[in-house]
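Engineer: So the protein sequences, as listed, match chains H and A.
So the first sequence is residues 1 to 386, counted in this note's numbering.
So the second sequence is residues 1 to 356, counted in this note's numbering.
The hints are simulated quantities; they were obtained by calculation from the structure and are not laboratory data.
In this text, a Cβ means the ideal position worked out from N, Cα and C, and glycines have one as well.
Possibly wrong hints are sitting among the right ones.
[Said to hold, decoys possible] Reference listing, derived: stretches of chain A covered by chain H, where coverage requires no fewer than 3 residues with Cβ under 8 angstroms from a Cβ of chain H:
{"#": "1", "segment": "224 to 234"}
{"#": "2", "segment": "239 to 248"}
{"#": "3", "segment": "305 to 319"}
[To be verified] Some but not every residue of chain A turned toward chain H, in silico, with C-beta under 10 angstroms:
{"#": "4", "residue": "G66"}
{"#": "5", "residue": "A68"}
{"#": "6", "residue": "L263"}
{"#": "7", "residue": "V349"}
[Stated by the list, open to error] Here are some chain A residues the structure puts well away from chain H; computed CB gaps all over 12 angstroms:
{"#": "8", "residue": "G124"}
{"#": "9", "residue": "F128"}
{"#": "10", "residue": "M136"}
{"#": "11", "residue": "R152"}
{"#": "12", "residue": "D277"}
{"#": "13", "residue": "G348"}
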Amino acid sequence: MADARTPPFDVDALLDDPATRIVVCCGSGGVGKTTTAAALGLRAAERGRHTVVITVDPARRLAQSLGLTELDNTPRPVPLEATAKGSLHAMMLDMKRTFDEIVEAHADPERAAQILANPFYQSLSSSFSGTQEYMAMEKLGQLRRRDEWDLIIVDTPPSRSALDFLDAPKRLGRFLDGRLIKFLGAPAKTGGRAFRLLGAGLGMVTGVIGKVLGAQLLKDVQTFVTAFDAVFGGFQERADQTYRLLQAPGTAFIVVAIPESDALREASYFVERLAAERMPLAGMVLNRTHRSSVPLLSAEQSEAAAQSLERSGDNPLAAAALRLHTERVRLQARESQMRQRFSAAHPAIGLTEVPARPEDIHDLAGLRQIGESLADTAAPGCDQGA
Amino acid sequence: MAEGPTAVTHKIRCVSARDRDWDGVRLHVVTGKGGTGKTTLAASLALALASGGKKVLLVEVEGRQGIAQLFRCPALPYEERRVATAVGGGDVHALAVDAEAALLDYLEMFYGMRRAGQALTRFGVVDFATTIAPGMRDVLLTGKATEAVRRRARTRKDRGARRDTAKAPFVYDAVVLDAPPTGRIAQFLNVNAEVAGLARVGPIRNHADRVMEVIRSPETRVHFVTILEEMPVQECLDGIAQVSEVGLGIGGIMVNMVRDPLLPPGALAAAAEQHVDTEALAQGLKSAGLKDAGQLAGALSGELVEHARRVRMEAEVRERLNEAARPCYELPLITGDLDLPGLHRLAGVLREQGAA
């Protein structure tokens, strides 16, 4: 079977290795990144690591299962069983508060207040796209510098593309440090001179910006830039620093996907991008897969048997069981075909599967089970062929 | 505004030959949690609305080329083109809106400044407006969809006469917007509030106001796609609450990938509690000619238990969906790769249930 080529992803080896300091869970929206991050955190903690999980926008019940009942920007301890060898903290990212804290830490109180009250800043810190990713990276950098935990697990913000986590902070940094904002922020007089110096086309640009954005915004940006520049320095540089942290030894990426073509395509893009950026990919988690406990009874056999029972009408229970089995085997076959296609394109990437569950995760016991599936290298997804 | 939805459906119900829930609605916004089949059902709804000779535009805004993949056609350019013919002769046209192209369109339309594009790109303005500034991108995307809703046919004759097109027929009988996921939908549609922080007055604000007029009108409905699982259902209910809160009309709930239970209720309830009559099961397997019936029965009963638990969970979340008190449409799970016949089948189901 082609399966034999797929190396297993040894999750425990990754979590147990003291050299592993940061694990980043990436993937497109709706694949179960947050749950995976939480399950990894719990498993690492129970196996002896002092772990903190940064989640972004977790589902309510998952947050509850971690003991996080409200949005809180600081790591909170998660009570574990006495047998746990390490510890677990969890936090939910509040991007606005993270941003505010940076401002407060870098500016004197008067100037900080001025910045926090600026309408452009408020919009930037709460609703600019890219701010969430930027602040997730910022928080990661902060926790790493605090050095209170030996393992940080990061869940990345929900976005259509996993690549946003890598690109959005730089994009925002580039914008904040860029020509546009300098120009918008320049007082009218020098601004006028700057345009002439910058060359052709700029008269048009001023016209457009004035027309489209209006004068009020320009004024807000000007006061913001004046107040901000003095205290903060380069945004892009800050983003670059965290970016380098992602390339440093001790950081590992995990790509999460589900066996559907969209999610796997996204995972493929991301894998290629990580390689291009020299960022280490530890492995891939294929979430919500379906497995039959009787793989040897083929779909054809099972369907034929179900049909013969349905004709006689005598054994509805067995007929239903066979119908169900038929569906399941077909689904499993489709899923493994997709998995094999992925593995053929990325043969070096270790893979582990987490079976679909009939119910959601409500508590630590559920998370622990996910952790067990993650670490199960004997699972069908990683086997050497049936 | 709040009574709009009921008023429209009520009025239509009285005059419609067939019981259709959304007659009079011209902009159908379709949202759903990732993985629930939002794009598939948006496309099916477009096909359903087009059937019988109507012209419908299907719009995507997330740059995924999801429509092209569904209809198995080459990547869609920023241009409306026909992608399918509906049952009874209607047409579905599709458009993949690109924020950058929409921005240049907008500048040309209102300021005659298309050529400014290059300078704007160089200066970072395009990047700012299409990827960074809150709401700008959304207002450009929704702006394109609402423009298609308002657009009226222009004949050669009335091209010269301004504003004389008021009585001309609309170009599209309906527009279906494959919108961003549930978590972002209220924000996406409430463009006014979104751009308010950046532009309290001025042209952007005016544009947002025009877009909002269409989105808030009783001719616009937001439909929610979900599957019968806890998290998507929770997100669906949260999304409905958020969209209602900003004063927009809620449409129906499309429950996707529904599977019929394979056992009668009694047997299901027992199986959910791990009571499976393995002897009867083994007996049945044996009479179907299968080997090792006893062992096989043990293994298959595990699959039955899981199925029964899933069905039980589905019943619970279906109950919760009922709390929303919106029309629900149930779409069957289509196994294998979804193709055009599959879309037509889903469109047929939507029509049978009165969604179109």
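Engineer: Each hint needs a verdict: does it hold in this structure or not?
Structural biologist: Hint check results:
no.: 1; hint: 224 to 234; result: holds (count 4)
no.: 2; hint: 239 to 248; result: violated (count 0)
no.: 3; hint: 305 to 319; result: holds (count 5)
no.: 4; hint: G66; result: 8 angstroms, holds
no.: 5; hint: A68; result: 13 angstroms, violated
no.: 6; hint: L263; result: 5 angstroms, holds
no.: 7; hint: V349; result: 20 angstroms, violated
no.: 8; hint: G124; result: 4 angstroms, violated
no.: 9; hint: F128; result: 6 angstroms, violated
no.: 10; hint: M136; result: 9 angstroms, violated
no.: 11; hint: R152; result: 27 angstroms, holds
no.: 12; hint: D277; result: 6 angstroms, violated
no.: 13; hint: G348; result: 22 angstroms, holds
Hints 2, 5, 7, 8, 9, 10 and 12 from the list above are not met by this structure, while the remaining hints are.
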